[in-house]
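Can you build the whole structure from these sequences, using the hints too?
Protein chains: 2
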Amino acid sequence: MQRYKCKVAYDGSQFSGYQIQPNQRTVQGELEKALEKLHKGKETKVFASGRTDAGVHARGQMIHFDSPFSIPEEKWPVALNALLPDEISILEVEKAESDFHARFDVTGKEYRYFVYTSKVRDPFRRHYAYHYPYALNLVTIKKASQYLLGTHDFTSFCSAKTEVEDRVRELREIEVLEEGDMLVFRFVGNGFLYNMVRILVGTLLQIGAGEILSDEIPAILAKKDRIYAGKTAPPQGLYLWKVDYENNS
Amino acid sequence: MQRYKCKVAYDGSQFSGYQIQPNQRTVQGELEKALEKLHKGKETKVFASGRTDAGVHARGQMIHFDSPFSIPEEKWPVALNALLPDEISILEVEKAESDFHARFDVTGKEYRYFVYTSKVRDPFRRHYAYHYPYALNLVTIKKASQYLLGTHDFTSFCSAKTEVEDRVRELREIEVLEEGDMLVFRFVGNGFLYNMVRILVGTLLQIGAGEILSDEIPAILAKKDRIYAGKTAPPQGLYLWKVDYENNS
Chain Z
1 MQRYKCKVAY
11 DGSQFSGYQI
21 QPNQRTVQGE
31 LEKALEKLHK
41 GKETKVFASG
51 RTDAGVHARG
61 QMIHFDSPFS
71 IPEEKWPVAL
81 NALLPDEISI
91 LEVEKAESDF
101 HARFDVTGKE
111 YRYFVYTSKV
121 RDPFRRHYAY
131 HYPYALNLVT
141 IKKASQYLLG
151 THDFTSFCSA
161 KTEVEDRVRE
171 LREIEVLEEG
181 DMLVFRFVGN
191 GFLYNMVRIL
201 VGTLLQIGAG
211 EILSDEIPAI
221 LAKKDRIYAG
231 KTAPPQGLYL
241 WKVDYENNS
Chain A
1 MQRYKCKVAY
11 DGSQFSGYQI
21 QPNQRTVQGE
31 LEKALEKLHK
41 GKETKVFASG
51 RTDAGVHARG
61 QMIHFDSPFS
71 IPEEKWPVAL
81 NALLPDEISI
91 LEVEKAESDF
101 HARFDVTGKE
111 YRYFVYTSKV
121 RDPFRRHYAY
131 HYPYALNLVT
141 IKKASQYLLG
151 THDFTSFCSA
161 KTEVEDRVRE
171 LREIEVLEEG
181 DMLVFRFVGN
191 GFLYNMVRIL
201 VGTLLQIGAG
211 EILSDEIPAI
221 LAKKDRIYAG
231 KTAPPQGLYL
241 WKVDYENNS
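Protein chains in written order, with UniProt numbering: chain Z, 1 to 249; chain A, 1 to 249.
Keep in mind the hints are simulated off the structure, nothing from the lab. There may be inaccurate statements among the hints.
[What the hints assert, rightly or not] Stretch by stretch, here's where chain A covers chain Z in the computed footprint (C-beta under 8 Å, at least three residues):
(1) 7-21
(2) 85-96
(3) 122-136
For every residue, glycine included, the Cβ atom is placed at its ideal position computed from N, Cα and C.
In structure tokens form, the structure reads like this:
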């Protein structure tokens, strides 16, 4: 058996999220179906760096799987893409050590969140960015970002349904880039909690709108309670952009 | 009654084209439904600069309609967009003379066709550009464009189903722009026949691939028969970009 490590992009808008679920169309479900076809009916389990929610996209999701086939690395994307729906694209495949694990070996992740601020909505971005046609103060957003940087308990910034006990995460980079009428929020960290990026963006937008003050961030973090942070921004603006492992990046 | 002239964008991927048809989801059907709601059940007919096929998009389709309401121009987009599906967006509305006609007054149109050439397909562009992952010679494409420029009988470059008798059209501009892995074909003319842009692009791609020679264009035009031109490029790459009238542009 050979372990393969694989970079995958997908348009999440028509999926019930990444993770396989009975009677739902999921990215994992489609990946495993394609691998099963390729392996002539033999079930092949796929392990990802983490799940993404319904409507959330990926430019650089990472997965691994094992195969008895020794297809050359560059042939794999063509072979798999022919068996996958066109909302999913295998971008790169490389051979990995047999103990490589797409989830347990993650050293960092980058998410991006796209917001567009034009007065009138754009039909071509309805599934791919969040339309926020109101005035935003970027100065206060950037000031708030500075408070969020670093290692904190992010309990206030994750879904109340979060099951994991340890909510301490390190946010290594937060950037807010303006590209025409598009605002791009870039988050790099060692790991992200359930809904964390969407709650961070929702809160930063409320700060930009003057509904929450930048200086309230330390107190919101200290409360360790979801109800103190802002709204959860909708899924369509969010992209899992890049996953880092020891040997790449 | 006041006549309104309106600029509309739509994502054509989920519509059976622009023109209203029984039991089909069409752009015109949705526009008329929204106007009927706004006018409390009174039917309102919409006239467009021309139709677009299933899967074809518009950034600058132009329509007109009459309304007894004297809503200020800047309030119209918000009022109508609230009643329209989010694949359609009213971008601008302005008052027009009572004899303005969105179709009969057209003096020129611009279409753009997007082709992307990356080796691996991109799930985010599947409905919005044509994936052509093969080598293309831009020099021969540009040479062929020069033969197409100007006033010609474009019978060879329109669907065999074209009903209009006069197939002489003036192509005023053809440009091929490279933007990263995207090729943008820009066509400006006084009018376009059924499938004309898609057949022009399909033929230019075959010229870029070496399957047809640039120098064959004059002979293809002279044949006045669809079978001599190249393939019809698929709809998802095509955008009605801009419509010109006497007083704008």
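TODO: Go check the segment 7-21 of chain Z versus chain A for me, would you? Three or more residues, Cβ under 8 Å, otherwise it fails.
DONE: holds (count 3)
- How does the coverage statement for the segment 85-96 of chain Z fare against chain A, requiring three or more residues with Cβ below 8 Å from a Cβ of that chain? holds (count 6)
Verify this for me: three or more residues of the segment 122-136 of chain Z with a beta carbon less than 8 Å from a beta carbon of chain A.
holds (count 5)
The structure agrees with every numbered hint stated previously.
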